[in-house]
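Chains as they are written, first to last, in my numbering: chain A, 209 to 624; chain B, 2 to 988; chain C, 1405 to 1496.
Do not take every clue at face value.
[Said to hold, decoys possible] So the derived label-pair ranges between C-beta atoms look like this:
| no. | chain 1 | residue 1 | chain 2 | residue 2 | range |
| --- | --- | --- | --- | --- | --- |
| 1 | A | Phe369 | B | Gly917 | 20 to 30 Å |
| 2 | A | Asp313 | B | Asp915 | 37 to 47 Å |
| 3 | A | Asn266 | B | Ala136 | 35 to 45 Å |
| 4 | B | Lys663 | A | Asp353 | 54 to 64 Å |
| 5 | A | Asp353 | B | Lys140 | 49 to 59 Å |
Worth flagging that the hints you see were computed from the coordinates, not collected in a lab. A virtual CB, placed ideally from N, CA and C, is assigned to each residue, including glycine.
Below are the chains, spelled out letter by letter.
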Amino acid sequence: MHYSVFSIISQAFKGQKDWKPVWRYPEPKAEYDMLIIGGGGHGLATAYYLAKNHGYTNIAVIEKNYLGSGSVGRNTTIVRSNYQEPGNIPFYEHSLKLWEGLEQDLNYNAMMSQRGVLNLYHSDSQRDDYARRGNAMMMHGVRADLLNREQVREVVPFLDFDNARFPIHGGLMQWRGGTARHDAVAWGFARGADSRGVDILQNTEAKQIRVENGRVTGVETSRGFIKAKKVGIVAAGNTTRIAETAGLRLPIESYVLQAFVSEAIKPLIPCVVTFGAGHFYISQSDKGGLVFGASLDYYTSYAARGNLPGVEDTIEEAMAIMPSISRVKLLRHWGGIMDMSMDGSPIIDKTGIDGLYINCGWCYGGFKATPASGYCLAHLMATDESHPVATALKLNRFETGHVIDEAGTGAQPNLH
Amino acid sequence: MKNSNRLASGGLIDRAKPLSFQFDGKTYQGYAGDTLASALLANNVQLVARSFKYHRPRGVLTAGSEEPNALVELRTGARHEPNVRATMAELYEGLNARSQNRWPSLAFDLGAVNSLLSPFFAAGFYYKTFMWPAAFWEKVYEPLIRRAAGLGKPPLSDDPDSYEKAFAHCDLLVIGAGPAGLAAALTAARSGARVILADEGPMLGGRLLSDRRIIGNQSGLDWVKAIEAELGSFPNVRIMPRTTIFGVYDHGVYGALERVNDHVATPPAHEPRQRAYRIYAKRAVLAAGAIERPHVFGNNDRPGVMLGSAMRTYLNRYAVVPTKRVAIFTSSDEGYATAQDLINAGASVQAIIDSRKDATISAPKDVPYFKGAKILRALGNRQVQGVEIELADGSTRILDCDGVAMSNGWNPAVHLTCHQGGRPVWDDKTNAFLPGKLPAGLSVAGAAQGHFSLKDTLTDGFRLGASAVDDLGFKAHAIAAPDTDPESLAHIPLWRVKTSKGKCFVDFQHDVTDTDIELANREGFRSVEHMKRYTTLGMATDQGKTSNISGLAILGEASGRSMAEVGTTIFRPPYTPVALGALAGHHVHKGFRPTRLTPSHQWAEEQGAVFMETGLWLRAQYFPKKKNESWLDAMNREVEITRSKVGVCDVSTLGKIDLQGKDVGTFLDRVYTGTFSTLPVGKVRYGLMMREDGFVQDDGTTARLSENRWLMTTTTAGAGKVMAHLEFCHQVLWPELDIAFTSVTEQWAQYSIAGPHARDVLKKLVDPQHDMSNEAFTYMACGAITICNGIPARLFRISFSGELAYEIGVPNRYGDALIRAIMKAGEEFGITPYGLEALSTMRIEKGHVAGGELNGQTTPRDLGLIKMVSQKKDCIGKHMSERPAMLDADRPIFVGLKPKNPQAKLTGGAHFLDKGAKPSLDNDLGHMMSVAYSPMLKSWIGLGIVKRGRERIGDTIRAVDFVRGTEFEVEICDPVFFDPQGERLRG
Amino acid sequence: MRIPCPFCGPRDSQEFSFLGQTGLKRPDPNAPDAQKQFHDYVHIRDNKAGLTKELWLHANGCRSWIVVERNTLTHEITGSEFASPLTKEAAQ
């Protein structure tokens, strides 16, 4: 059902009675051309682009819980493309470009708000690191601005410029970055995919990927076996559990990352701000809550909840840059499962098993990648060729040494 | 009209202590023991807030921390706090509160126009609109939405109050000091177990403070007093009032917030406002009680509509009659208790409207009583002015009243049981969600477990208190629950009045109505989580404490599913919102992280040094001669003097690791790229260390002090990581090696003395028996010596600056004395102290790698250090450093860069492009890692990595810095700019 | 979370740093497929959902590397011991 000024007005006068379901609850078919395991943002985007760009409609997304139940609905909603490594830049920039047209494309308002992403720096060497990153972006035509202290003060005057343990020297700004309404991204892709005929099978758990003679034949699910010629694993934190059923072992570990929201307050923070002497990032939602997070809880976990040291560290970092929020109250904190790769960068690739594809290793950064992740996996599954912006995101790069290590912390996932 | 709603007697307030306070600029009076809410109601202030979306007038719904409506801004100036629950704010003299989210005033709020537009603003409205034209979202729509959203205003200046973090340990933590909690604590306390009893309120007693009950042969209040007195007599019991257990974490760790001084205007000197605890409890009993459910009917949000239990609290605890002519809307026998309490207080009960056709309880005498009836809507705007009711026969009538008391059964406060992923389970018998899988060590007593009667809560408390400590090996004596006065709790929940007129609110704070939930279901948002996120039900500051369950029931009804089928969302920590300041504690401002000071810090301060952060350390950046000498002038001077005469620099921040044992040489061979086992005693060697993935992680020198004793240095930044890495290598990989080591970074003060006169200076300090000649103490020599008449010291002839240089180490306590002694000894040679800027310039002149190059992305080969990697042995990282990509000839490699124009100010982070090449990732040749102005070359110089750089020495390329707007032509050169033969350091 | 350090007793997890899966054997550098083995050793992990044995460093404590048996689904800890067999032996 198309959303338009007309439909909005007419429904307002009909007491909103005629809106149709945004997706169906179909019964699984016995066989699909393609199956996507994982009904999160990436999986739904993959299905959407398979249908839209490549004309595949006999496909299904299987999701063990409700659609969008994973990290797409648990993250801190930041969208940006301020990467440093050549393997990442084109991919994330492609994603940002898709974000910029997403609402019109999906006819669904995901509230993408390009309010700017500001990375603070606190030393000369960090300034040079950010200049390096900004210049790498500019090499690819992605605008970045290196702000000095006074320019930062103009944007975010409420930060602690006078008494901070790690004084603010300036910041790297990507004005095109910002935030989006996370759930709406999942819902928008789901609605778009469903309307093109994709079956979204909620509460359907993938139990076992069936492989015969080196070729994938389908997936055993909690609702029976579903045959498929091609299967994409888009299971984020649960990637290795699914991949294991096909005999794959991956350079991935799953960690807890906590996220936080404060009570709603009137507008304070105009953009996304990150703290360079820690790992903290914060923005303010349209509803008024301060949405923030910091480092991983640093131990592997599938429990999707964290512990107090992580909570306290994060909030100490919040107070380190903006002590004026001391009397604002934390409303909720929760955890998600991060598929941390060994170099901190994602993998979109074939697997060595015919017809089986993976999309994983999103670390902290999966949300901003949602459109391009789906776009590129759809391209790969449809054509068996990597999309040009995703050629570096190979599974075998750890063997060849073509690692994409933005942070330079090496094969230790909890340090990325 | 002072306290027009206050009873002449009774209540737990202190009438001897009247307090005056302000709300929206008007002065009122209350008493010690009041909350802001009870004091406002005592003054008949019914309208206290505006709702989030529609800006509807709102009053006080509850008497506890579940309050969704009565949020105010409290205190002024820097102590301003938004979104404070008036029901939890204890009154103090001079309290100043203001309503929020309204303009221009609470009574006349222009935002209420949203209410008229509500046919548009249904759930999910935002997702369907504001898309046309595309550019309007950021510019027009979003700013409007953002301004309208939010509740209170953020504070803008720093919090003048302080916060503390604290840790507490106990055998049993009892959460909630109502009857169940008191019973549990008492049993455990008598057994000798260490008990912490925490309650969010200022007084113990829970519902016993609000309802007049009999326990055994005494009043409920007397029973509480007796137990409180006994608990107070135990040394093993700690009672923590005003303390909310806000979260349950793994392994019996509980987060708690103690509001130490929120009940006074400002904290006394040296006391914190609040204290955040981690409580380590072996066992815990959750006795958090339950939260009464509102009814969902038309205009159920009008001021004057209140939970029945809250009304009883105001009557009995605060001696306040919130409204004087009350209609009771009940689906439970408890409504009759409310009616009786109102009558006892002299209020008028206008009617009891009982939704149950078959209610068997009888109404108080002379009270109009309607069975099987419902309230269709409340009349009035800023306060209830009557209700329209529907009788069992379907007829309707209007009743006069100024308040409504709702009783619709209770939701157990299961919140904390969800924090470890437990999902509450619907129970048809109690009509409630009961705790699901419990966190280890936690049991649930009383109303929180769905055991609502007083007798049952007491029984639970005594039993679970005993079993918890019995588990831990204590011997608890069973205590039998005393008899209590009879109570009647029968109820059949009424999830909503379907025939209502007007908006029926489910989530008061977020303005979510029953039709919003129906719409969500109609659009396919059938999962509870989808419905919650689509409508925002339960996502306000109260986390849906009064709304979630009704919302689920309505979703179930709309989708034809039972409560059990619908299930529930889970509650997240914190139980109630916690000030960010409390969770940060003293980690604010300069105290955010510790500051490490070097041994020469005080001396450097005396010299007027400018300091800079390097990790946690503060190090001297440069030593300006005059007050306004620029960093560049100072650096040039320090370098020139050091290179021509002599300079001294504090290098104590370098990591130092003392290694001992016969296998240290073997160990070092495995962790360093080079060979160390062959290093003679009395010598130092440069070492490069890789991670196992083949990238360089650190560098430094290691000295062999004696046959089995070695001293390693690391970079300042790498000290901690290297130590942990070496411990891993030893304890996990090669435990068989006979070695032991420990960090001695902080035990030794170390100074580098560099320059042609370095030896002359040193000779004046070193005791005469040591031969300091070039022949006796050669380049890369080391040894234990004494200085200044017998002070033990270590001397290393190593050079980072490229000059004749020594590093001299002394036990830390001599650090300050030594820098002064060096400066004195060097005076005749014109010695200068030098800071990090000069240190960095000199190392760049020498082409030494440091932080910018050791960025975790470079291999020994990248850095031109492949000859440091022994080909005769394995070491950590060797195999992985030989992966194909890392041998790729196109990989950027370490070189020097010299601008064609010497005054061109090079910048770190610039990228390289060939002349004429367009900016693109393919054309990107590499980047500038470190730059300096070289006073020796009278030119800016740089170090960086360039594709095929070694083959292109002499080529000119462009250093392009888009983000700083500069571009210079630079010549690729050897990274060693100064004294390439290294003659000076051997001199 | 509390980690039972075999030397110090139960301590808050904040005192520890986490490395990951234990039991990985550093390959023989002279093995014919050493490159492949090193790749797996450095990069490939079981990432088990359930009971794992993992390495923690009691960094702000006794600085022992310890092996902790922990369930990644529930965080429940069922045991810990020194990583170094020699320390383990000496402790017994």
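Consistency of the hints with the structure:
1. In this structure the hint that Phe369 of chain A and Gly917 of chain B lie 20 to 30 Å apart at CB is violated, the actual value being about 43 Å.
2. Under the hint 37 to 47 Å, the C-beta atoms of Asp313 of chain A and Asp915 of chain B, about 39 Å apart, fit the expected range.
3. Taken as a hint, the range 35 to 45 Å holds for the pair Asn266 of chain A and Ala136 of chain B, whose Cβ atoms sit roughly 38 Å apart.
4. A hinted range of 54 to 64 Å for the beta carbons of Lys663 of chain B and Asp353 of chain A is consistent with their spacing of about 58 Å.
5. Take Asp353 of chain A and Lys140 of chain B: their Cβ atoms lie about 20 Å apart, and the range 49 to 59 Å is violated.
Going through the hint list in order, the structure does not satisfy hints 1, 5.
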